[in-house]
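Read off the chains here:
Number of protein chains: 2
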Amino acid sequence: MTGELMPATPDIQPSRLQITRNTNPATPPPSNELVFGRTFTDHMLTIPWDAVSGWGTPEIKPYGPFQMEPSATVLHYAQTLFEGMKAYRDEEGKVTLFRPDMNMKRMNNSARRIALPTFDGNALIELIKRLIRIDKHWIPKEPGHSLYVRPTLIGTQKAIGVGPPNEALLFVILSPVGPYYASGFKPVALYGTTEFVRAAPGGTGAYKLGVNYAPGVLPQKSAAALGYAQNLWLHGEEHYLTEVGTMNMFIVFTTEDGSTELVTPPLDGMILPGVTRDSVLTLAREHASGKNKLANLSGQLIVSERSVTMKEVKTAAAAGRLVEMFGAGTAAVISPVDRIGYMGEDIHIPTGEDGMGPVSRPIWTELVGRQWGTIPSEWSVPVTE
Amino acid sequence: MTGELMPATPDIQPSRLQITRNTNPATPPPSNELVFGRTFTDHMLTIPWDAVSGWGTPEIKPYGPFQMEPSATVLHYAQTLFEGMKAYRDEEGKVTLFRPDMNMKRMNNSARRIALPTFDGNALIELIKRLIRIDKHWIPKEPGHSLYVRPTLIGTQKAIGVGPPNEALLFVILSPVGPYYASGFKPVALYGTTEFVRAAPGGTGAYKLGVNYAPGVLPQKSAAALGYAQNLWLHGEEHYLTEVGTMNMFIVFTTEDGSTELVTPPLDGMILPGVTRDSVLTLAREHASGKNKLANLSGQLIVSERSVTMKEVKTAAAAGRLVEMFGAGTAAVISPVDRIGYMGEDIHIPTGEDGMGPVSRPIWTELVGRQWGTIPSEWSVPVTE
Numbered sequence: 001m002t003g004e005l006m007p008a009t010p011d012i013q014p015s016r017l018q019i020t021r022n023t024n025p026a027t028p029p030p031s032n033e034l035v036f037g038r039t040f041t042d043h044m045l046t047i048p049w050d051a052v053s054g055w056g057t058p059e060i061k062p063y064g065p066f067q068m069e070p071s072a073t074v075l076h077y078a079q080t081l082f083e084g085m086k087a088y089r090d091e092e093g094k095v096t097l098f099r100p101d102m103n104m105k106r107m108n109n110s111a112r113r114i115a116l117p118t119f120d121g122n123a124l125i126e127l128i129k130r131l132i133r134i135d136k137h138w139i140p141k142e143p144g145h146s147l148y149v150r151p152t153l154i155g156t157q158k159a160i161g162v163g164p165p166n167e168a169l170l171f172v173i174l175s176p177v178g179p180y181y182a183s184g185f186k187p188v189a190l191y192g193t194t195e196f197v198r199a200a201p202g203g204t205g206a207y208k209l210g211v212n213y214a215p216g217v218l219p220q221k222s223a224a225a226l227g228y229a230q231n232l233w234l235h236g237e238e239h240y241l242t243e244v245g246t247m248n249m250f251i252v253f254t255t256e257d258g259s260t261e262l263v264t265p266p267l268d269g270m271i272l273p274g275v276t277r278d279s280v281l282t283l284a285r286e287h288a289s290g291k292n293k294l295a296n297l298s299g300q301l302i303v304s305e306r307s308v309t310m311k312e313v314k315t316a317a318a319a320g321r322l323v324e325m326f327g328a329g330t331a332a333v334i335s336p337v338d339r340i341g342y343m344g345e346d347i348h349i350p351t352g353e354d355g356m357g358p359v360s361r362p363i364w365t366e367l368v369g370r371q372w373g374t375i376p377s378e379w380s381v382p383v384t385e
Numbered sequence: 001m002t003g004e005l006m007p008a009t010p011d012i013q014p015s016r017l018q019i020t021r022n023t024n025p026a027t028p029p030p031s032n033e034l035v036f037g038r039t040f041t042d043h044m045l046t047i048p049w050d051a052v053s054g055w056g057t058p059e060i061k062p063y064g065p066f067q068m069e070p071s072a073t074v075l076h077y078a079q080t081l082f083e084g085m086k087a088y089r090d091e092e093g094k095v096t097l098f099r100p101d102m103n104m105k106r107m108n109n110s111a112r113r114i115a116l117p118t119f120d121g122n123a124l125i126e127l128i129k130r131l132i133r134i135d136k137h138w139i140p141k142e143p144g145h146s147l148y149v150r151p152t153l154i155g156t157q158k159a160i161g162v163g164p165p166n167e168a169l170l171f172v173i174l175s176p177v178g179p180y181y182a183s184g185f186k187p188v189a190l191y192g193t194t195e196f197v198r199a200a201p202g203g204t205g206a207y208k209l210g211v212n213y214a215p216g217v218l219p220q221k222s223a224a225a226l227g228y229a230q231n232l233w234l235h236g237e238e239h240y241l242t243e244v245g246t247m248n249m250f251i252v253f254t255t256e257d258g259s260t261e262l263v264t265p266p267l268d269g270m271i272l273p274g275v276t277r278d279s280v281l282t283l284a285r286e287h288a289s290g291k292n293k294l295a296n297l298s299g300q301l302i303v304s305e306r307s308v309t310m311k312e313v314k315t316a317a318a319a320g321r322l323v324e325m326f327g328a329g330t331a332a333v334i335s336p337v338d339r340i341g342y343m344g345e346d347i348h349i350p351t352g353e354d355g356m357g358p359v360s361r362p363i364w365t366e367l368v369g370r371q372w373g374t375i376p377s378e379w380s381v382p383v384t385e
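Taken in sequence, the protein lines are chains A and B.
Just so we're aligned, residue 1 is where the first sequence starts under the UniProt record's numbering, counting upward by one.
Just so we're aligned, residue 1 is where the second sequence starts under the UniProt record's numbering, counting upward by one.
Derived from the structure by calculation, the hints contain no laboratory data.
Take the hints with a grain of salt, since some may be wrong.
Copies of one chain are not kept apart here, so a pair can be met inside one copy or by any two copies together.
[Unchecked claim] With a straight-line Cα cutoff of 30 Å, these simulated DSSO-like cross-link-like pairs (lysine-lysine) come out: (1) Lys-86 x Lys-129; (2) Lys-314 x Lys-129; (3) Lys-158 x Lys-136; (4) Lys-86 x Lys-291; (5) Lys-311 x Lys-129; (6) Lys-314 x Lys-61; (7) Lys-221 x Lys-158; (8) Lys-311 x Lys-186; (9) Lys-61 x Lys-129; (10) Lys-221 x Lys-105; (11) Lys-158 x Lys-208; (12) Lys-158 x Lys-186.
Here the structure is a predicted model, which is why all the values come from computation and not from measurement.
Generate coordinates for the entire structure from the input sequences, incorporating the hints supplied.
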């Protein structure tokens, strides 16, 4: 995870960190008034980069606007990538991050794909910890709440030619967030989208780049106008299921021999390698192998990374072999689906009493236990002692 | 071209323009030192928008940095679109824009696709003219030079949820530019690219959005490492030719019955509807129909918007029926191609003595004549009297 693009220039150096305290700190709002991504803490982290000097002085300073040149490449050519991760505070006040190494690895992969500079992920984690420690009183105490951490890397070269930027800025901002489902899980309806694509072979769908997001806004509005919450992104003539809105997706079938199969599309270049996706797969596989049995999940579980077509979904639904379906991502963790609008008809999907299904419920319980620290695991990385 | 998204809020109103003169104007650099897109004039135009108030007060003010919130949607989700157009100054000092109505129409189409606000294109043209008039001494006097005009529209909502922004900023900056080919035309070699795509069905390739540009930087670097200047973007299993780098593309065949056929891919949703593309097609069709014969172009000309596969290109090259190939765009106008690297072999393409071919040369002559004002036409729109 070193700066491969510029081997001769300095990487990110936490020892050079400069801290300027916010002398006018804000009062965190009541947790029940939080709206996702609208409230930010008192401080932010910035690290400039240029092609000659490499990574410059990391600074933690008061949250506030940047000076941005009108010609900055990010404003014209979308040279931006980001990550989303969460810091949790347990009942004793101990703060943890969840699998931040996965985010750093993906962030560097994103940087390579878009010709932005790579960096030492461990150094950035160290600096993010410093930032969180300063603003840790912003993490709401209520269960299910967390601090959303948004590292972003943008091209800031002052020139409107299209090319690799010779200047960039990495910044990290923090936003206190409530639980995605404030009052129980609410299954969502999806619009099986064939008019628009999220990704294509040879494109950027496997990277967490800004370019994958803005084009999805209009399709989401179109789906909402038809009464569906999100897009189910379908691909190719066979209408392969790929992702749900801005989440990875899972579907559970009863196989013809009566086993239970948890399926998600493979990382074929169009699918974002989600941290929650990987965590769900890992927990399910450790259950299936007997390494770490999940509570309240009985019977044989098959875990598959394979392609699924809408034809298979329709056939399974008609045969009563569709068990459940859900999206998986950092914001919502697990988001159950109860309906797919597809080619003019609705396919109904079973959901449990509280909205979650028989496979997602035990996985979710283990996963959020590990995130919140009630279930100890290596995935939980201490920010404070 | 009115603000369809917000019919009840004010559109852009040139009468509200406020002008703040730059009290510290710069001296334009010598024209022979200009590098594309690195030098900007003394002033810029900004027009804010928000969902409640609509389009706000247009301002012409000193060129300088914006205050940009770290949470601004453009920095995270690539909510940006732009245009590229040129202002020319003729020998008498008269300044003109070339077909600006085409840019305004496309800019509004781009805005609709990415859920940014639309606007009255004529009003923006009026304001752009005001801006150019103030900085017209920045247009280099030398032949082939011009002022590149860059309207940009970005989402500036201060929230990191993915959705239509409730705040946006339209700005226009100006950059003096020299001729793309300072000393005669230099044909370029293309790498027939199958590993990466520029666009896909259901994607955004037909819109001038930032998201179409950043992902092309790495493929261009890869092509350059193999000794090719630009990517020839191929699509599908048949390897359809789509675009060249950031330009539309044209190819000229001798048909089996001896006619000359000028071909460009149709606007099927993956092709940018380029202003230069449209101008080349229009001039070629007016020649073919006899409405406006081009000088130094003899014989029957067939003008086709149709798909072309690499198989057809290879077959035509082998049979000696490949006449020429060129890119077409605002920056270079016409950019001849002399070679395509494809699946491990090079396909050589004829070029004329000065780099241009027998069809592109007469089209280019008419086109730049209309741009520079030496050939009067309705495409040339006066900025000054």
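> Can you name, in rising order, the numbers of the hints this structure does not satisfy?
Replying inline: 2, 5, 6
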